[in-house]
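Colleague: Each chain is listed here by its residues.
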Amino acid sequence: MSTPEERLVLAEHPVPETPHHEHDEAGIARRERFRALVRSKAFLAGAFIFCVFVICAIFGELIAPYDPLGSAADIANKLEAPSASHLFGTDQLGRDVFSRVIVGARDIMAVALAATLLGTILGAALGLITGYFRGIVDDVVMRLVDAFLAIPLVILGTVSLVALGPSKGTLIIVIGIVFTPIIARTVRAAVLSERELEYVQAARLRNEHAPYIMFAEILPNVAAPIVVEFTVRLGYAIFAVATLTFLGFGVQPPSPDWGLQIKENYIILNGGYWWPTLFPALAIGLLVISINLMTDGINRVFSR
Amino acid sequence: MIIFVAAQLLPGDVGRAILGPFAAQQAVDDLNQELGTDRSVFVQYGDWIGGVLQGDLGDSYAFRRPVGDLLWPALENSAKLALLAFVIVVPIGILGGVAAALKEGRLRDRVISIGGLSATAIPEFVWAVLVIMVFGLWLDLLPVTAQAPRDAGFFTQIKYLLLPSLCLVFVLFGYIARMARAGTIESLNADYTRTAYLKGLQRRTVISRHVLRNSLLPTIAVVATQVGYLFGGLVAIELVFNYNGIGQLIYRAAQQQDYPLLLSATLVVGIVYLLATLLADVLYSALNPRIRLAGSES
Numbered sequence: 022m023s024t025p026e027e028r029l030v031l032a033e034h035p036v037p038e039t040p041h042h043e044h045d046e047a048g049i050a051r052r053e054r055f056r057a058l059v060r061s062k063a064f065l066a067g068a069f070i071f072c073v074f075v076i077c078a079i080f081g082e083l084i085a086p087y088d089p090l091g092s093a094a095d096i097a098n099k100l101e102a103p104s105a106s107h108l109f110g111t112d113q114l115g116r117d118v119f120s121r122v123i124v125g126a127r128d129i130m131a132v133a134l135a136a137t138l139l140g141t142i143l144g145a146a147l148g149l150i151t152g153y154f155r156g157i158v159d160d161v162v163m164r165l166v167d168a169f170l171a172i173p174l175v176i177l178g179t180v181s182l183v184a185l186g187p188s189k190g191t192l193i194i195v196i197g198i199v200f201t202p203i204i205a206r207t208v209r210a211a212v213l214s215e216r217e218l219e220y221v222q223a224a225r226l227r228n229e230h231a232p233y234i235m236f237a238e239i240l241p242n243v244a245a246p247i248v249v250e251f252t253v254r255l256g257y258a259i260f261a262v263a264t265l266t267f268l269g270f271g272v273q274p275p276s277p278d279w280g281l282q283i284k285e286n287y288i289i290l291n292g293g294y295w296w297p298t299l300f301p302a303l304a305i306g307l308l309v310i311s312i313n314l315m316t317d318g319i320n321r322v323f324s325r
Numbered sequence: 079m080i081i082f083v084a085a086q087l088l089p090g091d092v093g094r095a096i097l098g099p100f101a102a103q104q105a106v107d108d109l110n111q112e113l114g115t116d117r118s119v120f121v122q123y124g125d126w127i128g129g130v131l132q133g134d135l136g137d138s139y140a141f142r143r144p145v146g147d148l149l150w151p152a153l154e155n156s157a158k159l160a161l162l163a164f165v166i167v168v169p170i171g172i173l174g175g176v177a178a179a180l181k182e183g184r185l186r187d188r189v190i191s192i193g194g195l196s197a198t199a200i201p202e203f204v205w206a207v208l209v210i211m212v213f214g215l216w217l218d219l220l221p222v223t224a225q226a227p228r229d230a231g232f233f234t235q236i237k238y239l240l241l242p243s244l245c246l247v248f249v250l251f252g253y254i255a256r257m258a259r260a261g262t263i264e265s266l267n268a269d270y271t272r273t274a275y276l277k278g279l280q281r282r283t284v285i286s287r288h289v290l291r292n293s294l295l296p297t298i299a300v301v302a303t304q305v306g307y308l309f310g311g312l313v314a315i316e317l318v319f320n321y322n323g324i325g326q327l328i329y330r331a332a333q334q335q336d337y338p339l340l341l342s343a344t345l346v347v348g349i350v351y352l353l354a355t356l357l358a359d360v361l362y363s364a365l366n367p368r369i370r371l372a373g374s375e376s
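Chains G and Y are the protein sequences, given in the same order.
Using our numbering, you'd call the opening residue of the first sequence number 22 and step up by one each time.
Using our numbering, you'd call the opening residue of the second sequence number 79 and step up by one each time.
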């Protein structure tokens with residue numbers, strides 16, 4: 022039995038009871054995973070594209086050749102086809118599509134990332150609690166998961182965003198909350214098999230508190246499925262943000278968000294003005310594919 | 079589930095949403111009173127749910143018609159679109175998955191797996207505008223609206239529905255291929271496959287008689303569960319292609335805060351999903367002798 026002081030010290034280290042050589046093994050395994058990731062060409066390609074988009078999202082205005090929001094004077098050169106001065110052409114208000122595609126990376130990525138983080142944190146906590154305690158909480162949450170899965174995310178998002186009013190904040194909360202039970206289910210499954218292992222029993226015999234066992238003992242050991250789930254959900258979050266924004270229930274104008282650009286310009290496709298729609302569409306596709314390449318790499322490495 | 083959906087609905091000003099931002103406040107108030115939308119959410123919801131239990135879905139606020147009149151034709155249209163998509167995607171998806179599984183870990187597998195997954199993750203509306211550009215605009219092959227002219231023949235209707243269903247095909251392909259791939263890999267590694275090889279059977283025979291038989295039946299059953307996700311995609315696709323299906327109906331209802339219509343449409347989507355899942359379960363046990371026999375013994 023540890024004295025209170027000792028327990029305090031223990032609590033500061035995530036995996037306190039592992040002897041030193043085992044800790045090293047975990048470290049080696051982690052380094053090997055990282056090396057395997059770096060060796061994977063698909064992962065590297067995905068990570069590279071993703072980083073380019075991240076740079077666009079952060080430094081957008083500095084890279085963009087024109088003001089993405091345009092000015093009143095721009096209307097004179099509206100709907101110009103792609104050329105040397107406007108690489109991707111101009112839209113109905115004469116704004117440079119290239120600049121808008123660059124700066125448009127920001128909202129979709131920020132909202133998707135925030136929503137996924139929210140969902141992952143809530144979902145992991147919920148999964149740990151339901152998996153560890155089982156019983157009635159477990160039953161209730163699993164029924165909730167079923168209910169969530171019965172209605173497609175886009176329709177659920179549409180209904181709740183109409184009710185709550187569309188804004189980036191509500192978008193993050195709605196997507197995050199929809200993700201929560203789905204992530205919780207994955208984490209719960211991992212916790213169910215962990216909780217029977219000896220180190221958990223040992224911790225129980227040491228009289229550790231349930232929260233300590235859940236978050237300091239089990240959590241580090243279910244980190245791998247959580248990481249995988251996070252990357253998978255990030256892809257879905259991009260999907261959801263783009264679709265809801267396209268429908269008009271997400272990011273609002275005058276943001277140069279990609280989904281919004283397509284919404285504003287797809288109607289004039291029939292007139293032969295393809296460039297204000299094509300380039301944001303390709304940007305969404307490329308971003309999603311880059312995330313998928315990374316997810317695939319991470320999945321392979323962790324599932325070994 | 080229904081209560082859960084309803085709990086999220088905190089109506090804004092319905093009269094305002096229908097009449098637009100420039101209507102006089104008096105007119106808005108009158109309309110709200112007429113529709114009953116000046117009452118509290120709970121009263122409205124209670125009203126609606128009471129009607130639903132008696133088989134009455136209520137009247138649409140915006141269209142001023144019974145919800146059922148709007149819902150059923152829309153559902154029929156969407157079903158046509160979804161059916162065409164499934165008819166195309168199920169064979170292709172299974173073929174892709176099996177092709178990938180037979181070369182597990184090699185280039186063909188990686189291309190099909192990652193390609194399928196990426197196609198799945200690209201939003202439907204992005205596919206929609208891309209196929210419109212390629213097939214409608216540049217190649218000028220197919221019509222870019224989905225609504226066929228009135229009393230058009232069977233093949234004309236299919237021609238009009240081809241582009242929108244193609245978007246669904248792209249999105250569903252990855253999922254179906256992944257299921258087929260996982261099932262095929264599992265039965266490739268099974269003992270009975272090894273036995274079949276050891277009996278001296280040829281690779282072709284083993285794959286067609288032993289592997290596929292075991293891997294594809296569950297895949298077909300699982301496909302049914304995709305119906306629910308399909309509806310989410312229909313909202314964007316029907317909007318882009320201007321098709322009068324349930325997706326477009328949900329979109330309009332949401333825009334105009336037409337709660338009876340929105341709630342009923344969502345309810346129908348949920349019910350279709352449940353029915354599809356049930357069908358999948360039944361199909362799965364019907365196709366799988368082990369589960370069927372285990373069920374009859376107990």
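Quick caveat, the hints were computed from the structure, so don't treat them as lab data.
A hint or two may mislead.
Covered stretches of chain Y, as calculated for chain G (at least 3 residues, CB under 8 Å) [said to hold, decoys possible]: (1) 209-218; (2) 233-246; (3) 309-316.
Ideal placement from N, C-alpha and C gives every residue a C-beta, glycine not left out.
Colleague: Confirm or reject each hint.
Modeller: Each hint, compared with the structure:
Chain G is given as covering the stretch 209-218 of chain Y, and this holds because 4 residues of the stretch bring a CB closer than 8 Å to a CB of that chain, at least three being needed. Counting residues of the stretch 233-246 of chain Y whose CB lies closer than 8 Å to any CB of chain G gives 0, so the stated coverage by that chain is violated, three being the minimum. Only residues whose beta carbon comes within less than 8 Å of a beta carbon in chain G count, and the stretch 309-316 of chain Y has 5; three or more means the coverage holds.
The structure shown violates just one earlier hint, number 2.
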